[in-house]
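Number of protein chains: 2
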Amino acid sequence: MNSDELVELGQQLRVDSVRAAAAAGSGHPTSSMSAADLMAVLLANHLRYDFDQPDHPGNDRFVLSKGHASPLLYSAFKAAGAIDDDELLTFRKLGSRLEGHPTPQRLPWVETATGSLGQGMPIGVGIALAGKRLDHADYRVWVLCGDSELAEGSIWEAAEHAGYEHLDNLTVIVDVNRLGQRGATRHGHDLDAYARRFRAFDWHTIEIEGHDVDAVDRAYGEAISTTGQPTAIIARTLKGKGVKATEDREGLHGKPLKDADEAIEELGGVRDLRVRVHAPPATPAPRTAGRDGLDLPRWDKGEEVATRDAYGKALAALGAAHGDVVALDGEVGDSTRSEFFAKEHPERYFECYIAEQQMVATAVGMSRRGWVPYASTFAAFLTRAYDFVRMAAVSGSGLNLNGSHSGVSIGQDGPSQMGLEDLAMMRAIHDSTVLYPSDANQTAKLVAAMADLDGVRYLRTSRGESPVIYGPDEEFPVGGSKVLRASDGDRLTIVAAGVTLHEALRAADALHEEGIPVRVIDLYSVKPVDRDTLRRAAEETGCLLTVEDHREEGGLGDAVCDAFVDGRPTPRLVRLAVRTMPGSASPEEQLHAAGIDAESIAASARLLVEEAVVR
Amino acid sequence: MNSDELVELGQQLRVDSVRAAAAAGSGHPTSSMSAADLMAVLLANHLRYDFDQPDHPGNDRFVLSKGHASPLLYSAFKAAGAIDDDELLTFRKLGSRLEGHPTPQRLPWVETATGSLGQGMPIGVGIALAGKRLDHADYRVWVLCGDSELAEGSIWEAAEHAGYEHLDNLTVIVDVNRLGQRGATRHGHDLDAYARRFRAFDWHTIEIEGHDVDAVDRAYGEAISTTGQPTAIIARTLKGKGVKATEDREGLHGKPLKDADEAIEELGGVRDLRVRVHAPPATPAPRTAGRDGLDLPRWDKGEEVATRDAYGKALAALGAAHGDVVALDGEVGDSTRSEFFAKEHPERYFECYIAEQQMVATAVGMSRRGWVPYASTFAAFLTRAYDFVRMAAVSGSGLNLNGSHSGVSIGQDGPSQMGLEDLAMMRAIHDSTVLYPSDANQTAKLVAAMADLDGVRYLRTSRGESPVIYGPDEEFPVGGSKVLRASDGDRLTIVAAGVTLHEALRAADALHEEGIPVRVIDLYSVKPVDRDTLRRAAEETGCLLTVEDHREEGGLGDAVCDAFVDGRPTPRLVRLAVRTMPGSASPEEQLHAAGIDAESIAASARLLVEEAVVR
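Protein sequences appear in the order of chains L and A.
Residue 1 is where the first sequence starts when you use our numbering, and the numbers rise one by one after that.
Residue 1001 is where the second sequence starts when you use our numbering, and the numbers rise one by one after that.
The reader is advised that the hints may include incorrect statements.
[Said to hold, decoys possible] Here are the simulated EDC-like cross-link-like pairs (lysine to aspartate or glutamate), alpha carbons at most 20 Å apart as the crow flies:
{"#": "1", "chain 1": "A", "residue 1": "K1255", "chain 2": "L", "residue 2": "D295"}
{"#": "2", "chain 1": "A", "residue 1": "K1255", "chain 2": "L", "residue 2": "D309"}
{"#": "3", "chain 1": "L", "residue 1": "K255", "chain 2": "A", "residue 2": "D1532"}
{"#": "4", "chain 1": "L", "residue 1": "K255", "chain 2": "A", "residue 2": "E1247"}
{"#": "5", "chain 1": "A", "residue 1": "K1258", "chain 2": "A", "residue 2": "D1272"}
{"#": "6", "chain 1": "A", "residue 1": "K1482", "chain 2": "A", "residue 2": "D1532"}
{"#": "7", "chain 1": "A", "residue 1": "K1258", "chain 2": "L", "residue 2": "D532"}
{"#": "8", "chain 1": "L", "residue 1": "K343", "chain 2": "L", "residue 2": "D295"}
{"#": "9", "chain 1": "L", "residue 1": "K255", "chain 2": "A", "residue 2": "E1250"}
{"#": "10", "chain 1": "L", "residue 1": "K255", "chain 2": "A", "residue 2": "E1540"}
{"#": "11", "chain 1": "A", "residue 1": "K1255", "chain 2": "L", "residue 2": "D334"}
{"#": "12", "chain 1": "L", "residue 1": "K343", "chain 2": "A", "residue 2": "D1309"}
{"#": "13", "chain 1": "L", "residue 1": "K93", "chain 2": "A", "residue 2": "E1588"}
{"#": "14", "chain 1": "A", "residue 1": "K1343", "chain 2": "L", "residue 2": "E465"}
{"#": "15", "chain 1": "L", "residue 1": "K93", "chain 2": "A", "residue 2": "E1589"}
{"#": "16", "chain 1": "L", "residue 1": "K258", "chain 2": "A", "residue 2": "D1334"}
{"#": "17", "chain 1": "A", "residue 1": "K1482", "chain 2": "A", "residue 2": "E1540"}
{"#": "18", "chain 1": "A", "residue 1": "K1093", "chain 2": "L", "residue 2": "E589"}
Note that these hints are calculated values from the structure, not bench results.
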């Protein structure tokens, strides 16, 4: 398109943004209007995209990091012929694909859910990295950011990552409209404040007037021809641009225009320009990431193996069989044991350094490109990335997360390194799977099973060694459990997983000696939970004693309750969990101090039986 | 101390770090050895600190952001005479104050718990901001960072905040020892890579040789005399410095030295230098932050008020009565309504822009200086700061957090803006308090009550208006609940809070009309939970139906289970919660689609009664 046409297209995107928000009665037209020219030039002259084939491997990828400017995105989709005007006006209504903030669950042309600021760009970096190092394709990634979101640290984790990886297939466009939600940003229209930050992180930067379509056009061309560095285009714009009543005005964030009809007239009225978006280049050769026979590691019963070791070895084996599996780590691969994968498959291993948000964002981006990511760090440090995990679920991303060093049983390092909230955090994620193995063979089987699940899958591993209790051919279906001790006369049932399972077994054996038979269930699948087995144990033993190396809230104990919240008769429930703030001590001392070791379990069981709380 | 003495002191700190780790059999001596000279010069020549009066208002504040280098910190404490050699050798043992990573819960000279990297510096920024804008004291804040942790985005949120606020009372010392946990950092010994990043964020920077005590001494002097900007001292060091077997070697992170005796000899043997740390300046006038009569806002029954509005107004009133209350927000004060506080008390309001980690870090820092912070943003975006909240609990910080826009009931904005995991996340925090009011007067009372609690306190507020159902003089003790509908013949009990409480009341009234009396409990205190009232309801009605605008895991339903996990007979439990991924829709449509509106509640109750699941 020539300059005049681009100006017209920009106005059309503004008009349609105003119309969509007016029809909805809510939304962010002013944040759309500032970026309309930036979007018009990209759509008409630079983006290579086949809207009929959103999965086309040669497609460029566009990410709206400022997700609230969804009216602009949907107006662009309309201009490209992907949706019609009737659908545009369903914006934000029940059942519409056009949500307040875009999600790929509903619209095939959306790469990732945005709306929590500072996430689109990090995920864009992940897609660009996939393009360079996995897909070996020449698609470009374009990310449109707001200026407000540059205050998020995740942006600078991403800037660091992209600069270091020389991602010259990535262009970030910053819509510097000076105004955040409640007023001016820190840096207003000081474009250099943003540009010098990006430059410090080794980016190429271009500062432009964001409403000058020729300048925008030139900047995109310069970005495309820049090699060895990602490019940040810092564009001076006006929020609410094009309508006197809204232009550069405070207090109008996230509100439809007061007089939409007048504004549309001022913008030159409704248009119906149609953009013929450039087609992607011819399809590259299909990816060769095949799936061969899986040869998981095997351990003999009685061996002492840490589940983190089993994780690393199983992941390396999975990587050998599945060419689409990739691994990421937050600079603790020697602890999580993802280093085993790194050694065997260095070309599919991504060191994300101590930047957990960027690690998860990279995994989400790679998942979008069809790869199967396993991202590992200490369970405690995954809390750093909780918003990214939450949003991955909104995107419907397939994502494997591993948290090692869970619980007080890590020992001397103390509470800062102990994952004690991870089960609560991961269980609350929509459609998540939460797994917590207790032995090496079980870990290996679950690592393999995760690859084929939907949504966010979380595997919790432990630092210390524990005995192998299952044979290498045993199966561990997700949603299942294992009954390890059972008799007709069981007085109660101990439910445990991971480290506490071994304590539970020791306690059960001691109790058996004393003539107190108890059942023991290995609840390795914390979510979904094995309701049938728990219910049967409840009927047969009357009391469930849960034991977990986790806070008492949101973990194994609460998971067991899940089996009984449908109005059926409920067993007596007793819970052992970590209720104190641990200090430094040995693993054994920690388990004892927290009251979750074999002695504490046995003492609790005795008390329950003696006090006739249970039969 | 002169140069020779400083060199000796540095060696002593190394020797003591090696000894402490050797005695413990674990720990991070090599990470301590790299920073020993930096610490020696600070302790001997620049820090102003009275170890006998850690609360002295004039004390400088030292934060060990690289918390794993705790042997160095404890060795410095010993050199300053704060602990003796016997205690030094209790490092990492059960019951010792000298934990693997330092915490203020056990040691009075520790400002904040560290060990999750990238947190000490952000919290140091909070302390420095308190010094400038609240305490009006001239203490300095010194933060010792590792180079690896500069990959964390939280560091750059903090750099942005400190640069923008011109915190020239803050000095960050970066120990660039080139090696992270599993190998080299991204930038190795490229000091300028770090310096230019800090400069881009408007910091003064000084690059030095970190083992040259004269250079270090001059750099500290330059930092002290620099005005208008924080200073970052980027120091080139060697990990394991001083011992040939460890110096600049990979693979030795977090491990005691193999031959400690030999290393100690190589370092010149055990010394017993004692440092006379400079005293702080004379005590400034005591803070005038008094507490006058509290005049909370009042609403009449039947008024329609959003709890977020009540939060903002109550917070403003609390600020008028309590001079020590401060408020922070993540650039959404017009939505959370913390803007009401900002208007009345601008000198105690801190705009943290869209940087939730830094917002919580600032609050933690201010809390350490005796202020009572209330930090607000959308409930959904507090997920961004979960690691900081977790670590605040490790510190034992008093911290008030407010999450607005909770649940699907926010309406059209869609799932990215909906706090649906916040109760799970906050309940799992050690010693936390979790409150979820349903009406304006209740909100106001709880906002006031939070100020005097210990630990992390979380208040969940709602976007939409709801009727005032309590009089302004009603009391709402933390740990309590309110029984709003009750009769002898109640067939079951509905437990709800916030938005769903109003739905529950409507359902109960409809059921009453149909001849099905039900009890309704307002569970405004989600943690601690009112066990007595729940147990009584269980005994009297046999079935508890929980209804929450939150994911089914970790929220209100699980909190109710807390009342029944001590082996007592358990009632039948039924749970209504958000089990789908919402799209855009009106608040009413959202509640209905999630199955948590009055109609859904009534339908569930009818089913339970008709199917004779309950009596």
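### Query
Do the alpha carbons of K1258 (chain A) and D1272 (chain A) lie within 20 Å of each other, as the hint requires?
violated, 24 Å
#### Entry: Restraint check for K1093 (chain A) with E589 (chain L), where alpha carbons must lie at most 20 Å apart
holds, 10 Å
### Query
Hey, K93 (chain L) versus E1589 (chain A), does the alpha-carbon distance stay inside 20 Å?
Within the cut-off at roughly 10 Å; holds.
### Task
Starting from K1343 (chain A), check that the Cα of E465 (chain L) is at most 20 Å away, please.
violated, 57 Å
### Query
Regarding the pair K93 (chain L) and E1588 (chain A), is the alpha-carbon distance no greater than 20 Å?
With a Cα-Cα distance of about 12 Å, the restraint between K93 (chain L) and E1588 (chain A) holds, given a limit of 20 Å.
### Message
K255 (chain L) and E1250 (chain A) were given as a pair; does the straight-line alpha-carbon distance stay at or below 20 Å?
### Response
Distance of about 56 Å is beyond 20 Å: violated.
#### Entry: Agreement of K1482 (chain A) and D1532 (chain A) with the hint, judged by alpha carbon distance not exceeding 20 Å
holds, 12 Å
#### Entry: K1258 (chain A) paired with D532 (chain L) [C-alpha distance capped at 20 Å]
violated, 52 Å
### Query
Quick one, are K343 (chain L) and D295 (chain L) close enough, alpha carbons at most 20 Å?
Holds - the C-alpha atoms of D295 (chain L) and K343 (chain L) are around 17 Å apart, at most 20 Å.
### Query
Regarding the pair K343 (chain L) and D1309 (chain A), is the alpha-carbon distance no greater than 20 Å?
violated, 56 Å
### Query
Holds or violated: are the alpha carbons of K1482 (chain A) and E1540 (chain A) at most 20 Å from each other?
holds, 16 Å
### Message
Check the hint pairing K1255 (chain A) with D309 (chain L) against an upper bound of 20 Å on the C-alpha distance.
### Response
Holds - the C-alpha atoms of D309 (chain L) and K1255 (chain A) are around 19 Å apart, at most 20 Å.
This entry does not satisfy hints 1, 3, 4, 5, 7, 9, 10, 12, 14, going by the numbered hints stated previously.
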